[in-house]
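Asker: With the hints as constraints, model all of the structure from the sequences given.
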Amino acid sequence: MFAAGTFLRAQDKFYTKTGTIFFRCTKSPLEKIEATNRSATCVLDTKTGSLQFAILVKGFEFERALMQEHFNENYMESGKFPRSEFKGQILNNNEINYTKDGVYNTTVKGRLQIHGETKDVETIGTLTLKDGKISASAGFSILLSDYNIHIPSIVSDKIANNVNITIDCNLELFKGQ
Amino acid sequence: MKSKKISLLAILCYVISSAVSAQENDLLQLFNDNKPKKEYIDYAFKSTRVIMSHSMELLKPGTMDFRILHRFGNINGGGYELFGLDHATMRMGFDFGISRNFMLGIGRSTNKKEFDGFLKYRLIHQSTGPHSFPLSLVVVAGSTLQTLKWNDPAKKYYFSDRLGCYYQAIIGRKFTDRISLQVSPTILHQNIVPAISDPNDIYALGIGGRFKLSKRISLNFDYYYRFNPDKQGETLNPLSIGFDIETGGHVFQLHFTNAIGMNERIFLSETTNDWGHGDIQFGFNLSRTFQLKKKK
Numbered sequence: 001m002f003a004a005g006t007f008l009r010a011q012d013k014f015y016t017k018t019g020t021i022f023f024r025c026t027k028s029p030l031e032k033i034e035a036t037n038r039s040a041t042c043v044l045d046t047k048t049g050s051l052q053f054a055i056l057v058k059g060f061e062f063e064r065a066l067m068q069e070h071f072n073e074n075y076m077e078s079g080k081f082p083r084s085e086f087k088g089q090i091l092n093n094n095e096i097n098y099t100k101d102g103v104y105n106t107t108v109k110g111r112l113q114i115h116g117e118t119k120d121v122e123t124i125g126t127l128t129l130k131d132g133k134i135s136a137s138a139g140f141s142i143l144l145s146d147y148n149i150h151i152p153s154i155v156s157d158k159i160a161n162n163v164n165i166t167i168d169c170n171l172e173l174f175k176g177q
Numbered sequence: 001m002k003s004k005k006i007s008l009l010a011i012l013c014y015v016i017s018s019a020v021s022a023q024e025n026d027l028l029q030l031f032n033d034n035k036p037k038k039e040y041i042d043y044a045f046k047s048t049r050v051i052m053s054h055s056m057e058l059l060k061p062g063t064m065d066f067r068i069l070h071r072f073g074n075i076n077g078g079g080y081e082l083f084g085l086d087h088a089t090m091r092m093g094f095d096f097g098i099s100r101n102f103m104l105g106i107g108r109s110t111n112k113k114e115f116d117g118f119l120k121y122r123l124i125h126q127s128t129g130p131h132s133f134p135l136s137l138v139v140v141a142g143s144t145l146q147t148l149k150w151n152d153p154a155k156k157y158y159f160s161d162r163l164g165c166y167y168q169a170i171i172g173r174k175f176t177d178r179i180s181l182q183v184s185p186t187i188l189h190q191n192i193v194p195a196i197s198d199p200n201d202i203y204a205l206g207i208g209g210r211f212k213l214s215k216r217i218s219l220n221f222d223y224y225y226r227f228n229p230d231k232q233g234e235t236l237n238p239l240s241i242g243f244d245i246e247t248g249g250h251v252f253q254l255h256f257t258n259a260i261g262m263n264e265r266i267f268l269s270e271t272t273n274d275w276g277h278g279d280i281q282f283g284f285n286l287s288r289t290f291q292l293k294k295k296k
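From first to last, the protein sequence lines stand for chains D and P. Position 64 of the first sequence, counting from 1, maps to 64 under the numbering used here, and the rest follow consecutively. Position 189 of the second sequence, counting from 1, maps to 189 under the numbering used here, and the rest follow consecutively.
Among these hints, one or two may not hold up.
Stated by the list, open to error - Once the Cα atoms are required to be at most 30 Å apart in a straight line, the calculated DSBU-like pairs of lysine-lysine come out as:
#, chain 1, residue 1, chain 2, residue 2
1, D, K17, P, K38
2, D, K58, D, K27
3, D, K17, P, K293
4, D, K175, P, K38
These are calculated hints, taken from the structure and not from any lab test.
Answerer: Structure, rendered in structure tokens:
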């Protein structure tokens, strides 16, 4: 009976380990400050609408190696704070029919942890259901100052305090490990 | 009766705990493979040089480091010489990151109109996790070429007389985010030396380290102990102490040193200044990294 229980629960969960998270905090057109992480873990529990992300900060790739070094060493301190997480909830989960293909608008609210600081974030996104797979996407922005990430004045004309983040994940049914 | 009570309590506890876990519902736990992964340790130094010596760091592939090194005259020259600033020598260099573990560079110093070049390869990269190794091991092979006109026109010189070479193994470790240390056994060979009693091969042990004072500033030291200096004792072991200051795209290395010259051949064999007598020079290195090949 216990095994059957886990089996049923597993049917509700969708996941990926190769989600894409992209951010941009470019201020000057001369210097593009953006990076992509292609190994985000994302889990969605369709039954409860619970949605969670985790990434390794070191996994962000920049076009320029020096920028990546500064990102890890000076801003995110990825040695000290290796992981970032989001734990949230799809607020309108009961409006989504997970058995039917289609595009659903969602509102997600939760807590985002970056650089050791946790803040509430809320955003709208979409879930696209097709052939038993779910693709989730969202875009939102945060302030670096909210996460205790300080921009020195010498580069304040290049790095924006306002960071735009976009998320793209193709989720598959979790069949247990 | 008592055992019944305990089992009831246990069931109660189980029910409560499972209810709590259902609410918390940490989905990520499902995928949080606790298998530790091998991770390489980077950024032991802010640049590929401690001050005068190669550091255990390599350039990232696809980048070029344009380095301009300056050394001024002796500080104890006094105000008349503006504490040495009236005299400057420099070395201009271009270093290239070829792959994750391989870089090379060329440079030319005004002192003796000397060219130098080196190849630098990382055999072991310090890492954590399974199959990790707590140290980095980097090997450097370099060569120097003087192009100054020979001072004795009557004497027959060969092209090979202009050449020198050095081999170095750098064993280093980033102990903490702040502290990195390295030792580097070095052999320097010169085809021609000023006096017959001078050794053609100098064996030396370099010791270098950094202490990070803030995110963008570190205190560095760089020293060589030579096992077989010249018998007259005219030359001394080079010691440099300075700060690495990182701005957006540059690393400035401001330092004080008794070393003469800015390549391994010259600072190991021709350093005549003595810290004890105040024969120190101010110097600054400027490193600017360019991304030649963009990722993706």
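Asker: Starting from the hint list further up, note which numbers the structure goes against and sort them upward.
Answerer: none
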